[in-house]
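Spelled out, the chains give:
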Amino acid sequence: MISTKAPPAPAKFSRPTPAAPTKPSRLLPLLQAVLPPLLILLALLALWEFFASGPNATLPPPSKVWTDAHDLIVDPFFDRGGLDKGLFWHLAASLQRVALGFALAGVVGIATGLLIGSSPFAMRGLDPIFQVLRTVPPLAWLPLSLAAFREAQPSAIFVIFITSVWPVIINTAVGVRNVPQDYRNVAAVIRLRGPAYWWRIVLPAAAPYIFTGLRIGIGLSWLAIVAAEMLIGGVGIGFFIWDAWNSSNLSDIIVALVYVGLVGFLLDRVVALAGRIATRGTQAA
Amino acid sequence: MDQHRFLEITQLSISFPKSPLPVLHDVDLQIARGEYVAVIGHSGCGKSTLLNVIAGLLPASGGGVVLDGREIAGPGPDRAVVFQNHSLLPWLTCYENIRLAVDQTLSKTMSRAERHDWVLENLAMVRMTSAKDKRPAEISGGMKQRIGIARALAMRPKVLLMDEPFGALDALTRAHLQDQVMEIHASRGTTVVMITHDVDEAVLLADRIVMLTNGPNATVGEVLEVKLPRPRDRLALAADPAFTAARAAVLEFLHARHANPALAAA
Ligand SMILES: Nc1ncnc2c1ncn2[C@@H]1O[C@H](COP(=O)(O)OP(=O)(O)OP(=O)(O)O)[C@@H](O)[C@H]1O
Ligand SMILES: [Mg+2]
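First to last, the sequence lines map onto chains A and B. Here the first sequence is numbered in the working numbering, starting from 1 and rising by one per residue. Here the second sequence is numbered in the working numbering, starting from 1 and rising by one per residue.
Heads up, a few of these hints could be off.
Incomplete in silico selection of chain A near chain B, CB under 10 Å [as the list claims (entries may be wrong)]:
1. A196
2. R200
3. I201
4. P204
5. A205
6. A207
7. T279
8. R280
Simulated DEER-style distance windows between Cβ atoms [to be verified]:
9. B:K108 <-> A:A111: 27 to 33 Å
10. B:A73 <-> A:A147: 53 to 59 Å
11. A:A111 <-> B:S19: 34 to 40 Å
12. B:S140 <-> A:A111: 37 to 43 Å
Away from chain B, derived, C-beta distances all over 12 Å, residues of chain A [unchecked claim]:
13. R80
14. L95
15. V107
16. L262
Source of the hints: derived by calculation from the structure; they are not laboratory data. None of the values given here were measured: they were computed from a predicted structure. For every residue, glycine included, the Cβ atom is placed at its ideal position computed from N, Cα and C.
Using the sequences and the hints given, assemble the complete structure.
Below is the structure:
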């Protein structure tokens, strides 16, 4: 009697409860994140199509971009020698320059920032100079750089370096100056000195500031490389855009711009993620 | 050496640059080995300043502090500090916070394995073994303060300096930690200087209560011996006449003779 009656009772209760909340709760946030930008993008594309389709339009509509630049969009990896390469190769060349210049800026910037932040004299003396230098537009450095290095590749890397090094220096120095007195006291009581003090206390305490500087730096690097490559030529996304302009290939330019934007976004996210991993716990306290 | 002069503060005065009056003047105090001394006074009278000078984190402007026959000149692990706001390093786990202090201070006398065990022993002493791999942001205020105490004691200090260690805690957690500190004081025999503004806490924990007058230009107003036998039990003491008498004496000092000037003016 009991065994035949018992099973249906829980089934009745358990069936509606778990089914209802779990399914939408997993899908909904994803939809909420993806759907609005997708809808806006479609709306913007439609607007663009509408305004660029008239007889007097100076820019190609999305449909024309798709047909014109079909090869470029579909296959970023082709390589027909010379400058006739897929966008992947151009982006890779630009990224390589950025990687070199930015790595240099990171190392030099952090080291200089640590030095300056620890000396009130250096801070007072150098800060105004840096504040002026950091406002010099990236391309203004290029002629000097070309004159000094006499070659395109090191000049481009130098422009990246000189553009992105300032925010790293300034933010690192501010981070060092803002190491809380509490942590300095702890270090003093346990007699943590010299390199160990820098490594165990100052660097971790300043890490959030350093990563803010690096994040601004990587954004500036990407801005600078596209502009610099337009002038120095060779393989690279900047020169690709310039080349397309010279051959009136507007559709190629638009495709390249989309890629430039996406890569810039990814670079920012990568540095932000690295910062989050490196500084976990630090901000929350 | 005179046992009553393990930690000796003589004619100490402290002033900050740019302020006309010293914060503290003519502070004289002798503390015996193993003694538990509480320093009490109104907010802003210079309690933290006094502790920082004993810790060596601030310079004295006159007079000096001698610990175990040696004049102090700068901070060191023989005077471990439990700070008013725990001051754990947020990027290290609880274990690593203590380990860093142990590695810095005991690496000459202990092997790696011994230091590891010593850290675990101190975590166990404050009953925080289960949280050893958590970061400070992931534990409660009372737990942070316990790690701070464990870190300080793990350095095997000659004196433990505590700046309102339980000030920011709720009453229940506070009582619990007070009991733990009494236990640790009994088992390790550490000399303790504790700053507090809680009268009950001072009477319950201390052998002597040092009462500071109001700042600026404060000094030691009175020193009260608390002659209660140890171990002390908070429940039994509540009705103990010696306890209530001591409590009344401190309250008298703080609220009748040296009422908070800021509150009195209001
Ligand atoms: N760095 C400083 N420079 C100048 N004056 C200071 C400095 N630090 C503290 N003071 C002054 O010294 C006095 C004592 O400060 P202190 O922090 O020692 O007080 P306290 O007794 O610990 O107070 P509380 O109970 O609120 O913690 C205060 O009047 C304060 O303004
Ligand atoms: Mg204080």
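ask   = Hint by hint, which ones does the structure fall short of?
value = Nothing - there is no hint that the structure violates, so all of them hold.
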